[in-house]
Amino acid sequence: MERFEKALEVLKNNLADSIDELKVPRPRKAYVFLKPENHREAISLLLKQVEETILSTITGVDLGEEIELNYHMICGGTVTLKIRVPKENPVTKSICDLIPGANLYEREVFDLLGVTFEGHPNMERLLLPESWPQGNYPLRRDWQAPEHQEDVFMSKDESQPESVSEASESLVNVIVGPQHPVLHEPEKFSFTLDGEKVVDVNARLGYVHRGIEKAAEKMMYFQDVYLVERICGICNAAHTTVFCQAVEDIANVETPPRAQYYRTIVHELNRIHSHLLLLGVAGHLLGFESLFQHVWRDREPIMDIVERITGNRLMSGFNTIGGVRRDIAPSTIEKTLKTLKDVRKRAVFYKNVFEEDATLRLRTEGVGVLSREDALKLCVVGPVLRGSGVASDVRKDEPYAAYDEIPFNVISYTDCDTWARLMVRVDEVVESINIVEYALANLPDGKIRVRVQRKIPEGEATSRVEAPRGALIHYVKSDGSAYPYRVKVRAPTLANLVAFPDAIRGGYVADIPSVMGSLDPCFSCTDRMAFIDTNNNKKWHWSLDDVNNQKNRKVLI
Amino acid sequence: MPDLGLLKWARRNSPWLLHFNTGACNGCDIEVVSLLTPRYDVERFGAKLEPSPRHADVLVVTGPVTRQCAPRLKMIYEQMPSPKFVVAVGACSCSGGIFQNCYNISGRLDEIIPVDVYVPGCPPKPEAILQGVAKLLAKLKG
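Going down the list, the sequences are from chains Y and E.
First residue of the first sequence: 1, per the working numbering; consecutive thereafter.
First residue of the second sequence: 1001, per the working numbering; consecutive thereafter.
Here chain Y stands alone, though its shape is the one from the complex (with noise of 0.2 Å):
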């Protein structure tokens, strides 16, 4: 709270003449109009004076004759600066030498809105497929989807490795992806390597990109909830959460306690699957296959008891605006504190694997090292910012559900390593169980949601949440409609990827699985963004017209 404040003073004591007007409409959410090209002096500002501010992400919006740039800052609330482009000529200046971190939000704000950043090392794409048409910018309001051709959009198969340019002869370059058996999501990265050493990475991203934001802006937001929890099946109730509180904001409702804590519960289950599904995972990257094995059978009655509470294994539906849609049965209760008693004693028995079994420490000390600095310039989340010793997590910076009245720790290790960041995450389920037990013994009586009105008032809300991998913001722009705006989504893996190369550089080959694993990537969080085309009536044609012949050949179930 103090930090929030002293950023506030800072801007007004600095920049008096360059702010048009400070809004702080809740506790912790201030938005700042700034005059245009203002923004550099006052993230510098905050930079400097204010410590641990990090920038989350840049919204750009479009007003019609202007586009409409939001910075959110992150310095124990959060601060929005606001400034505006005209949309003839959308250029306006880089932040990146500020703040590294900016690359690929600047990056997906040119891409998806056409708007230019004067002294970016890399103004390229990001997730629109390269044979995208130019100037076609699919978040301005008036974006009308081109006559589909066949080579308009696909002229060229993306996935072919590149040739290798300015490689002396020791380097070499070596494309993963897009398919890749290990993480399960297509994600294309060129790695240059010098014999086993990374010399350095880039990574594609952009295969997963479907255009949520887009559809977002064509759905109501009680349908947008459905949808949002589609961005990701893993921490689809942060989603839905952060979306539902982002939405109440605006429209100014009050979720009754009892829906607080319901969702605190689903929330954790979320994290608690999440983890686990991570550090499964993780055994495998690391060549420890029986640990994979072991801890996704643990996984599975955390499964069980969010299909009970929610009635889905993944895709929960559970949050709704104004509340949550169902109520726990007593004696789901008692179920849930039993399997999570299990739990707890599998949590305790793979701290002890972490800490204890040689050949995994060996494996993941000092891999991947990601120092403090490092971690708040390139503006990292969740765990791996709270394994680099920056103890932040939303859930105590800015309290929401009902996280204000139950007692937690938050875990930060300063070892900086992959172990770290796999540490973190162990002892986050101990932390998560400790929170569902709580919350469970203490749940308050009430109603379990309020009714909301279709049409929500003008206004804009930042929301955000800590996601099992890290803070999500959503960023909802109302314009009193029954549909949204706006709506901006910045998953954790965005923030985290761009640690990736400083953490991987220097190290070996063999170390690239545990590193990348170590941040939890997630592409479906980040590739999200895109949205319907209503003009779609042409046809695809594929090489493979004959084989379609065969198509009789079905099964259905």
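Hints listed in this document are in silico derivations from the structure and should not be mistaken for laboratory results.
Please note that the accuracy of each hint is not assured.
Stated by the list, open to error - Some chain Y residues near chain E, calculated using beta-carbon distances under 7 Å:
{"no.": "1", "residue": "Q223"}
{"no.": "2", "residue": "L227"}
{"no.": "3", "residue": "A482"}
To be verified - Partial list, derived from the structure: chain E residues whose beta carbon lies under 8 Å from chain Y:
{"no.": "4", "residue": "D1029"}
{"no.": "5", "residue": "S1034"}
{"no.": "6", "residue": "T1066"}
{"no.": "7", "residue": "Q1068"}
{"no.": "8", "residue": "S1095"}
{"no.": "9", "residue": "G1096"}
{"no.": "10", "residue": "F1099"}
{"no.": "11", "residue": "K1125"}
Ideal Cβ positions, reconstructed from N, Cα and C, are used throughout, including at glycine.
Could you slot chain E onto chain Y? The hints should help.
Coordinates of chain E only, in the frame set by chain Y:
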């Protein structure tokens, strides 16, 4: 050489699966991975997750097909030796699901490559995917 049905027998008893995510939200993916773990244990049918398309018999696809993934999907399908089979896992793969008409989606799976088994659900439970695999094996038998 007399046909002893050996190939057919082998194929039925050890189908090797290649998993490809063409734009899924991860929900179906982790359910597919769950299949390999002790509770569901698809390996008891001889199924094995195989990273190389050259070695795989069954292509398990999750998610709607994004524009960037479509060429690679086609490439992988073409690289697999015949006879090959395709399983579409999840609502998105079967129909495009909630993402149909999104601008970066090039279509549902069977618009790109032929599909043998559809497993609907968002995401389908591992039991459902298991049933899909079992149906495919039953078909191979017949």
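For each hint, the structure was consulted:
1. Violation of the interface hint for Q223 of chain Y is found here, the shortest Cβ-Cβ separation to chain E being roughly 9 Å, above the 7 Å cut-off.
2. The interface hint given for L227 of chain Y is met, as the beta carbon of that residue sits about 6 Å from the closest beta carbon of chain E, less than 7 Å.
3. Here the hint on A482 of chain Y is broken, as its CB sits about 18 Å from the closest CB of chain E, past 7 Å.
4. The interface hint given for D1029 of chain E is met, as the beta carbon of that residue sits about 5 Å from the closest beta carbon of chain Y, less than 8 Å.
5. Given the 8 Å rule on beta carbons, the hint for S1034 of chain E holds: about 7 Å separates it from the nearest Cβ of chain Y.
6. This hint holds: T1066 of chain E has a C-beta 6 Å from the nearest C-beta of chain Y, less than the 8 Å allowed.
7. For the restraint placing Q1068 of chain E at the interface with chain Y, the shortest Cβ-Cβ distance is roughly 5 Å, inside the 8 Å limit, so the hint holds.
8. Taking 8 Å as the C-beta cut-off, the interface hint given for S1095 of chain E is violated, the closest approach to chain Y being about 12 Å.
9. The interface hint given for G1096 of chain E is broken, as the beta carbon of that residue sits about 10 Å from the closest beta carbon of chain Y, more than 8 Å.
10. A least Cβ separation of about 5 Å between F1099 of chain E and chain Y falls short of the 8 Å threshold, and the interface hint therefore holds.
11. Hint status for K1125 of chain E relative to chain Y: holds, with the closest Cβ pair at about 6 Å, below 8 Å.
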